[in-house]
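Trainee: Listed below are the residues making up each chain.
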Amino acid sequence: MANKTIRLEILRYDPEKDSAPHFQSYEAPYHEEWVVLDAINHIKDQIDGTLTYRWSCRMGVCGSCGMMINGTPKLSCSAFLRDYYPNPVRVEPLANFPILRDLVVQLDDFMHKLVSIQPWIVRKDGEKPVQEGEYLQTPAQHAKYKDFSMCINCMLCYAACPAYGLEPEFLGPAAIALAQRYNLDSRDEGRDSRQEVVSAHDGIWKCTFVGECSVVCPKHVDPAGAIQQAKLASTIDWYKSLLWPWGSK
Amino acid sequence: MKPYIRQMPAGWWLKRPSYLLFMLRELSSVFVGGYVVLFLMMIRRLAQGPAEYEAFMAALRSPLAILFHVVALAFALLHTITWFNLTPKAMAVWRGEERLPPAMMIVPNYVGWVVVSGVIAWVVLGG
Amino acid sequence: MAKSNEPIWWSLFSAGGVVAAFLIPIHILLLGLAGPLGWLPQGALDYGRMADLVAHPIVRLYCFVLISLPLFHWAHRFRFTLADLGIHGIDMLLAVVCYGAAIVGTLIAAQVLWTF
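Residue numbers (this note's numbering), protein chains in the order written: chain S, 1 to 249; chain D, 250 to 376; chain Y, 377 to 492.
Hints may be right or wrong, so weigh each one.
Said to hold, decoys possible - Covered, in the sense of this in silico footprint (three residues per stretch, anywhere, with C-beta under 8 Å from a C-beta of chain Y), are these stretches of chain D:
| hint | segment |
| --- | --- |
| 1 | 285-295 |
| 2 | 299-309 |
| 3 | 340-353 |
Bear in mind the hints are in silico, worked out from the structure with no lab data behind them. Yeah, the Cβ is synthetic: ideal placement off N, Cα and C, and Gly gets one too.
Construct the complete structure from the given sequences, taking the supplied hints into account.
Mentor: Okay, structure coming up:
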């Protein structure tokens, strides 16, 4: 049995030693069923223990292992080596985020943005007491926000978004999609309070509908669709408040 | 701790075909705007009288004008096609648990486009 | 409550986009290519015919919409395209220049068509 190998060119950065990131090449074993994460794990275990990266479930549900693979944001656990072999695979940390070390990026910006859109059920008059039972929701009501609830916070969409890359104040695809997830949830009453952030200048209006976020999303959330829907809804609201300022809130 | 911030290259939109298509789509607005300005100029010449109008129409026959219109038409078509294909994204129409397939909103746009274009051609050519 | 006044520009952009998508290609084809290249029947774009056509109030309204809304479509899209091309820090200036140009174009179109 021939031992096939595949070359990985990985961007390294040691904040204590390097002034800038640089590529380092490794030869990893090639197996038909391996993903890039398998190769990276092998490199760390057998070749270079200093390689630093995030991963967890290795099956595409935790959102930890997002990286740029040949320039495209992907989950490294879902990028099969056989799709690249025999060519080398270039692995870089997720674009548009500061590099902390090697393939680990700083995600604080997204964390702040996520909290800012209140990703929880907001009730105007407080929570229903437990004795009153559950919130009931029909399958049709559930369907309206289901896709947007599939987000695993992997940040591939931010890496693909040129608007975020050019202007990091932009709220971004996942945060807006998650705001929509709650806005469209029949149990939620928080749309008005989320509008402060969602319909701000750095919210939905910075999006120019490039659409790449939806292309790279591993869970088919379609954040681009969420943003366009939010633009339409916000515009209708705006005209309503202009033409019927006395209208109910 | 010294996080390294990578700068976005000025030519970022040349790095992926989808980015390039996006940029071309955005630039189509320049030709759309440019064309309606020319259209306004034509109306103005029309208002000024036959001599001014004929001079304008003669200028439209120059190779540069023809070239502009060929390019403008290409960009206008790019706008039309991308616009029709993307419009359904802003509108989520639900029937129970199923969402209306995008094609159901896209196809009527194309049909309407052909009909409207036909009507305009008929009006302009002497209906 | 108006959080941001973007909705007005976005709605003009959208309306302009619809008008441009449906109407611009046929106009370019007829008036910019078919006419000058001689593909149309003789006299189709003659002064007399065209002047009579545009004089009609409905046609003048149509021309106004055809000119004004796509101008706002251009203004909004172009303003963001300049940002996408890396021009930062002058967002307010760009907005004033772009929407201002669209407003000026709209006023000129209104004046030309009203007094036709």
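Trainee: Take the hints in turn and mark each one as holding or not.
Mentor: Do the hints match the structure? See the list:
Counting residues of the segment 285-295 of chain D whose CB lies closer than 8 Å to any CB of chain Y gives 9, which reaches the minimum of 3, so the coverage claim holds. Here the segment 299-309 of chain D counts 5 residues with a CB under 8 Å from a CB of chain Y, which clears the bar of 3, and the coverage holds. Under the rule that three or more residues need a Cβ within less than 8 Å of chain Y, the assignment of the segment 340-353 of chain D is violated, with 0 such residues.
Of the numbered hints listed earlier, the single one contradicted by the structure is hint 3.
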